[in-house]
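Make the full structure from the sequences, and use the hints.
If you want the building blocks of each chain, they are given just below.
There are 2 protein chains.
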Amino acid sequence: MLVGRQSWRFDNPPVILASAAIGGPFESKSPLADDFDAFHDDIWLKQNSFEKAEVKLLEHACQKVLEKAGLQSQDINFLISGDLDNQITASSFAARSLAIPYIGMFGACSTSMEGLAVASKLLDNGGANYILTATASHNAATEKQFRYPTEYGAQKPPTSQWTVTGAGAAILGKEGNGPRVTSATIGHVVDMGVKDPFNMGEAMAPAAVDTIETHLKEMNIEPDYYDLIATGDLGFTGYAIANKLFQKHGIQLREGLYTDCGMLIYGKNPKVFSGGSGCACSATVTYGNLLNRMRRGELKRMLIAATGALLSPLSYQQKQSIPCISHAVSIESIQ
Amino acid sequence: MLVGRQSWRFDNPPVILASAAIGGPFESKSPLADDFDAFHDDIWLKQNSFEKAEVKLLEHACQKVLEKAGLQSQDINFLISGDLDNQITASSFAARSLAIPYIGMFGACSTSMEGLAVASKLLDNGGANYILTATASHNAATEKQFRYPTEYGAQKPPTSQWTVTGAGAAILGKEGNGPRVTSATIGHVVDMGVKDPFNMGEAMAPAAVDTIETHLKEMNIEPDYYDLIATGDLGFTGYAIANKLFQKHGIQLREGLYTDCGMLIYGKNPKVFSGGSGCACSATVTYGNLLNRMRRGELKRMLIAATGALLSPLSYQQKQSIPCISHAVSIESIQ
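Protein sequences appear in the order of chains A and B.
Under this note's numbering, think of the first position of the first sequence as 1, with each following residue one higher.
Under this note's numbering, think of the first position of the second sequence as 1, with each following residue one higher.
For the record, the hints were derived by calculation from the structure and aren't laboratory data.
There's no promise every hint is true.
As the list claims (entries may be wrong) - Taking lysine-lysine pairs in the DSS-like style, the calculated list, with each CA pair at most 25 Å apart, reads:
#	chain 1	residue 1	chain 2	residue 2
1	B	52	A	319
2	A	319	A	144
3	B	319	A	144
4	B	52	A	195
5	A	144	A	156
6	A	319	B	144
7	A	144	B	144
8	B	144	A	195
9	A	195	B	46
10	A	144	B	52
What the hints assert, rightly or not - Chain B regions said to be covered by chain A (calculated; three or more residues, Cβ under 8 Å):
#	region
11	25 to 37
12	90 to 96
13	103 to 117
14	120 to 131
15	188 to 194
16	239 to 253
17	318 to 332
To be verified - Calculated from the model, a selection of chain B residues having no Cβ within reach of chain A, i.e. all distances over 10 Å:
#	residue
18	2
19	40
20	46
21	158
22	159
23	222
24	269
Glycine is no exception: its CB is placed at the ideal position from the N, C-alpha and C atoms.
This is the structure we're talking about:
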């Protein structure tokens, strides 16, 4: 059911039957490592390009989530996936090997929740029996494409973030045991004029706040409805800005309610500067740690507002500012 | 309602309240020119880059379709859009100026029908009041990104196609007058090993045939159910291959039933070699000529199977074959 202009309350909240998180070598040192299903100790995943390695990460997450759900790829009606690579090739090549009817999406690092939101709405009223939604990112593939090849060792400013090498996936079904997707808010593009691709947190924070504010308003709930509100990958820089914006907009968030996947994934590791980023950031944290915490009963209701910077290397070269977006999905433990 | 594995029959078939097609200077000489809403005689659209010009094309199509539907952008719940530019920047920048909650998609040249299919399913069961779905392509932006800058004057083989400079858009609503979207089939990736980015028709034809065959089977209908079946942008080369594949698969298509938007848009103009291509190819032909023919009563039922080559310049450089996809949407004139 449409609520307000841009939110859905699901009449038959889809069940997250299983979720999976796969990481690279650096992610194995994450404070959330226990919630990953597997790590690869070779950043190349035995492939001859980083892009091909990213395909393997995504395939691995999809195979793992199928295994955990006890399903085969032919049971799945639709794969909804996207990633940061030009023309989302990681997703399209994974869709080829998985042989599941495929809806390609792009929302940069917001793709995780864009996919989960659309999957849930398609499933809500009988559009599918099972949908697999997934996303991936690869540190070296992304850095090379958007900034500098990591081999250059280019100096980074403190606002920069570390693209997660990993993939996250979830399978949604109409019934069964597991956390349920109860509502979602599709964001609109917010662009405050930031042009620096080394400062995604500042660029994306206003979009996250806008979507969370819209979600609370349209669903007619207070922030305290949730046990946890997490943004996707604002990092420490963007998190501080988001907090200020919440205050400015009169949104009171109690101590400990609001966090950010980009801060959680690597903790305060100085190597990552402002925190984690990439499509796999919110995907691995949500589909690993956060859902596990919900399955353990530590969380009853959470809102994940994944955040995406919709720039391209070319739009940056053409001196355009960075259009940003955030999509929020509410996941609840309902018996 | 889900039918088979990958098709939807819409319980409340969404109405195409209005559609619009915008073209560039070359498109103004199209045999279908009368069905375009406007042309730009400057391929730069007064911008300083082709990518910015593409944003303008997309914005123009969206503004035109809003005007034709008698709606304002704030009436629209969701914009579903995608394009060929890296990180679909044409769509994201247009979404910024239109200020409509935005679901970014990528299906290469299949984006037109990917968007229409998903928009219809979201609208079918109360997920929106109005959805605007759109896509664009720009000849010079696309050629530069995927092959060679047009200024180089690189020689082309006879299998190559001409990327349409244009944009197409449609607004769907729950009720009102106009053709209705009755069913849709989401395709899966088909890759027969073609690696030549100058021969998209051969690469994509098997995906189109696969999706059309699946559609007919899952919907339990014969090809004769339709007055017209059109593929997206196979061009003359891909059309001939598709015809052979239909025969091989025992699918009988009566004379005149099957056509291709890539053949229709420029006719037999030797300048375009095998025909038109690009996201705007199936979008402008469908949202211009074909829907106008339906509105005039010349067509009652048509199936549009847009086709997409999901390669990236990098996947080609890394010597990968081209994963292809096709999404089919059935549009009918129902009183």
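Structure-based check of all given hints:
At roughly 11 Å between alpha-carbon atoms, residue 52 (chain B) and residue 319 (chain A) fall within 25 Å of each other, so this suggested pair holds. In summary, the hint linking residue 319 (chain A) to residue 144 (chain A) is supported, as the alpha carbons are separated by about 19 Å, within the 25 Å threshold. Between the alpha carbons of residue 319 (chain B) and residue 144 (chain A) the distance comes to roughly 19 Å, so the proposed pair stays at or under 25 Å and holds. Straight-line distance between C-alpha atoms of residue 52 (chain B) and residue 195 (chain A) comes to about 16 Å, which keeps the hinted pair within the 25 Å bound.
Restraint check for residue 144 (chain A) and residue 156 (chain A): satisfied, since their Cα atoms lie roughly 14 Å apart, inside the 25 Å limit. Simply put, residue 319 (chain A) and residue 144 (chain B) have alpha-carbon atoms about 19 Å apart, close enough for the 25 Å limit, and the pair holds. For the hint linking residue 144 (chain A) to residue 144 (chain B), the alpha-carbon distance of about 20 Å falls within 25 Å, and the restraint holds. Between residue 144 (chain B) and residue 195 (chain A) the alpha-carbon distance is near 24 Å, which keeps this suggested pair within the 25 Å criterion.
Between residue 195 (chain A) and residue 46 (chain B) the CA atoms are separated by roughly 23 Å; this keeps the pair inside 25 Å, and the hint holds. For the hint linking residue 144 (chain A) to residue 52 (chain B), the alpha-carbon distance of about 24 Å falls within 25 Å, and the restraint holds. Proximity of the region 25 to 37 of chain B to chain A, defined as three or more residues with a beta carbon under 8 Å from a beta carbon of that chain, is not established by the 0 residues found. Closer than 8 Å: that is the beta-carbon criterion, and the region 90 to 96 of chain B has 4 residues meeting it against chain A, so the requirement of 3 holds.
Look at the region 103 to 117 of chain B against chain A: 7 of its residues bring a Cβ nearer than 8 Å to a Cβ of that chain, three or more, so the hint holds. Requiring three or more residues with a Cβ within less than 8 Å of a Cβ of chain A, the coverage given for the region 120 to 131 of chain B holds, as 8 such residues are present. Counting residues of the region 188 to 194 of chain B whose beta-carbon sits less than 8 Å from any beta-carbon of chain A gives 3, enough to reach three: the coverage restraint holds. Requiring three or more residues with a Cβ within less than 8 Å of a Cβ of chain A, the coverage given for the region 239 to 253 of chain B is violated, as only 0 such residues are present.
Given a C-beta distance limit of less than 8 Å, the hint that chain A covers the region 318 to 332 of chain B holds, as 4 residues qualify and 3 suffice. The claim that residue 2 (chain B) lies off the interface is violated: its Cβ sits roughly 6 Å from the closest Cβ of chain A, which falls inside the 10 Å cut-off. Residue placement check: residue 40 (chain B) keeps its beta carbon more than 10 Å from all beta carbons of chain A (closest about 19 Å). At the 10 Å boundary, the C-beta of residue 46 (chain B) stays outside the reach of chain A, the nearest C-beta of that chain being 15 Å off.
No Cβ of chain A comes within 10 Å of the Cβ of residue 158 (chain B); the nearest lies about 25 Å off, and the non-interface call holds. Every Cβ of chain A is farther than 10 Å from the Cβ of residue 159 (chain B); the closest lies at roughly 20 Å, confirming the non-interface assignment. Chain A leaves residue 222 (chain B) outside its interface by the beta-carbon criterion, the shortest separation being 22 Å against a cut-off of 10 Å. Non-interface call for residue 269 (chain B) relative to chain A: holds, since the shortest CB-CB distance, roughly 28 Å, exceeds 10 Å.
Of the hints listed earlier, those the structure fails to meet are numbers 11, 16, 18, in rising order.
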